[in-house]
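Asks: As a plain string of letters, each chain reads:
There are 2 protein chains.
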Amino acid sequence: MKRITFLLIAVTTLAGAVAFMASTSRNAFAQEAAPIFVKEIPPGYRDWKVVSVAHEAGELNDIRAVLGNDIAIKAYREGKLEFPEGAIVGRIAWSYVASEENNKTFGREQSFVAGSPTAAYLQFMVKDSKKYAATGGWGYSSFDKDGKPTDEAAMKTCFPCHQKIKERDFVFTRYAP
Amino acid sequence: MKRITFLLIAVTTLAGAVAFMASTSRNAFAQEAAPIFVKEIPPGYRDWKVVSVAHEAGELNDIRAVLGNDIAIKAYREGKLEFPEGAIVGRIAWSYVASEENNKTFGREQSFVAGSPTAAYLQFMVKDSKKYAATGGWGYSSFDKDGKPTDEAAMKTCFPCHQKIKERDFVFTRYAP
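Chains as they are written, first to last, in our numbering: chain A, 9 to 185; chain B, 9 to 185.
Same shape as in the complex, but just chain A (with noise of 0.2 Å):
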């Protein structure tokens, strides 16, 4: 009867490890798929109106437009953050580019304009605290000129990155008047 009971304690605590084990298993896998990318370019984006432009240089060297939802671009207009649920922040991004045509006009080399879609071509934040609450209510993604995400890897930069301007909710682009 001893063996038995011994036995049995073996094998539930046994399955108690196993259970365990494949419950951190889980959890493992539950991190490293966080923060969970967005994987569709929102609809009718190009309508959007206008948060800003930009231009990055170094690497990217990319020339933007920083477009916003109704729901963004309304907060942005009143000021206010956090920005509420369903705010969607988007960037374009063109290769940034001499207008040989615009200068020759001109005269005099002055002109950058927008060139071909960059590599990051197209990329969105959606704000949805339940379901990014892991990155700070942000949801990220990013496209390439066919519409393909961006690889995953370089979707893990997005949050550390933006993660360091907690205090303007994460986004970067202020809004131009």
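Check the hints yourself; a few may be wrong.
Copies of the same chain look alike in the list, so a pair counts if it fits in one copy or across any two.
[Claimed, not checked] Computed list of lysine-lysine pairs in DSSO-like fashion (alpha-carbon distance at most 30 Å, straight line):
{"id": "1", "residue 1": "Lys88", "residue 2": "Lys112"}
{"id": "2", "residue 1": "Lys153", "residue 2": "Lys88"}
{"id": "3", "residue 1": "Lys156", "residue 2": "Lys174"}
{"id": "4", "residue 1": "Lys174", "residue 2": "Lys112"}
{"id": "5", "residue 1": "Lys57", "residue 2": "Lys156"}
{"id": "6", "residue 1": "Lys88", "residue 2": "Lys57"}
{"id": "7", "residue 1": "Lys112", "residue 2": "Lys164"}
{"id": "8", "residue 1": "Lys112", "residue 2": "Lys172"}
{"id": "9", "residue 1": "Lys82", "residue 2": "Lys112"}
{"id": "10", "residue 1": "Lys82", "residue 2": "Lys57"}
{"id": "11", "residue 1": "Lys47", "residue 2": "Lys174"}
{"id": "12", "residue 1": "Lys47", "residue 2": "Lys156"}
{"id": "13", "residue 1": "Lys153", "residue 2": "Lys82"}
{"id": "14", "residue 1": "Lys47", "residue 2": "Lys57"}
{"id": "15", "residue 1": "Lys164", "residue 2": "Lys174"}
{"id": "16", "residue 1": "Lys47", "residue 2": "Lys172"}
{"id": "17", "residue 1": "Lys138", "residue 2": "Lys172"}
{"id": "18", "residue 1": "Lys174", "residue 2": "Lys138"}
{"id": "19", "residue 1": "Lys57", "residue 2": "Lys153"}
{"id": "20", "residue 1": "Lys47", "residue 2": "Lys82"}
Hints are computed from structural coordinates only; laboratory data are not their basis.
Since the structure of chain A is provided, determine the placement of chain B on it from the hints.
Replies: For chain B alone, kept in the frame of chain A given last:
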């Protein structure tokens, strides 16, 4: 009788000459007044869709968003020239400034953003082939940050420069995808 006839002829001639001079003077005035500059900011322009973005270096030293009303955007997207009646192409120009806050976060000098409104903050081209026939069918306008129209001397430089690109229907900015 001969003297009266002579006097009549003389008076008529003089009147004709005066009338001719007056007419010439009016034409001269009309020519001086043309191109007719647009003095009103189109309502709702800040909600318009993006045509493209650009950085003008040199004396201008701005970063700009070029926007279009629905008529202009439709024509741009269809790749149709000339622009139809009622098309308005606008541009907002902000001073081109290095973003210290962004660069601090990125750890490198990279980010150039929209600063305060420039001297010629808002500019619009309004298509009305009849009204603005003298300037290629486009009426030009320019406003400072307070909505005050730019002085006419400066406005007279619009058309001579845009005139050089008649084959693009006088519009510099191309649509960015």
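Asks: None of the hints should be skipped; say for each whether it holds.
Replies: Here is what the structure says about each hint:
With identical chains, the CA atoms of lysine 88 and lysine 112 are at most 30 Å apart between copies only, with a shortest distance of 24 Å across copies and 44 Å within one. With identical chains, the CA atoms of lysine 153 and lysine 88 are at most 30 Å apart between copies only, with a shortest distance of 23 Å across copies and 32 Å within one. Taking the shortest alpha-carbon separations for lysine 156 and lysine 174, only the intra-copy value of 28 Å comes in at or below 30 Å, while the best inter-copy value is 38 Å. Proximity of lysine 174 to lysine 112 under the C-alpha cut-off of 30 Å is restricted to the inter-copy arrangement: shortest distance 14 Å between copies versus 45 Å within a copy.
Proximity of lysine 57 to lysine 156 under the C-alpha cut-off of 30 Å is found in both arrangements, the shortest distances being 24 Å within a copy and 24 Å between copies. Both within a single protomer and between protomers do lysine 88 and lysine 57 lie at most 30 Å apart by alpha-carbon distance, with minima of 17 Å and 23 Å respectively. When the C-alpha separation of lysine 112 and lysine 164 is checked against a cutoff of 30 Å, the pair qualifies only between copies, where the shortest distance is 20 Å, while the shortest distance within a copy is 43 Å. Taking the shortest Cα distances, lysine 112 and lysine 172 sit within 30 Å of each other only across copies (10 Å), while inside one copy they are farther apart (43 Å).
In the homo-oligomer, the alpha carbons of lysine 82 and lysine 112 lie at most 30 Å apart only across protomers (28 Å), although the nearest pairing inside one protomer, at 40 Å, exceeds that limit. Taking the shortest Cα distances, lysine 82 and lysine 57 sit within 30 Å of each other both inside one copy (10 Å) and across copies (16 Å). Taking the shortest alpha-carbon separations for lysine 47 and lysine 174, only the intra-copy value of 24 Å comes in at or below 30 Å, while the best inter-copy value is 43 Å. In the homo-oligomer, the alpha carbons of lysine 47 and lysine 156 lie at most 30 Å apart inside one protomer (9 Å), although the nearest pairing across protomers, at 46 Å, exceeds that limit.
In this assembly of identical chains, the alpha carbons of lysine 153 and lysine 82 lie at most 30 Å apart whether taken from the same copy (28 Å) or from different copies (22 Å). Taking the shortest alpha-carbon separations for lysine 47 and lysine 57, both the intra-copy value of 22 Å and the inter-copy value of 24 Å come in at or below 30 Å. Taking the shortest Cα distances, lysine 164 and lysine 174 sit within 30 Å of each other inside one copy (17 Å), while across copies they are farther apart (48 Å). Taking CA atoms no more than 30 Å apart as the test, lysine 47 paired with lysine 172 passes inside one copy only; the shortest distance there is 24 Å, against 45 Å between copies.
Taking the shortest alpha-carbon separations for lysine 138 and lysine 172, only the intra-copy value of 20 Å comes in at or below 30 Å, while the best inter-copy value is 55 Å. In this assembly of identical chains, the alpha carbons of lysine 174 and lysine 138 lie at most 30 Å apart only when taken from the same copy (17 Å versus 54 Å across copies). Proximity of lysine 57 to lysine 153 under the C-alpha cut-off of 30 Å is found in both arrangements, the shortest distances being 21 Å within a copy and 20 Å between copies. Taking the closest pair of Cα atoms, lysine 47 and lysine 82 come within 30 Å of each other both inside a single copy (25 Å) and across two copies (29 Å).
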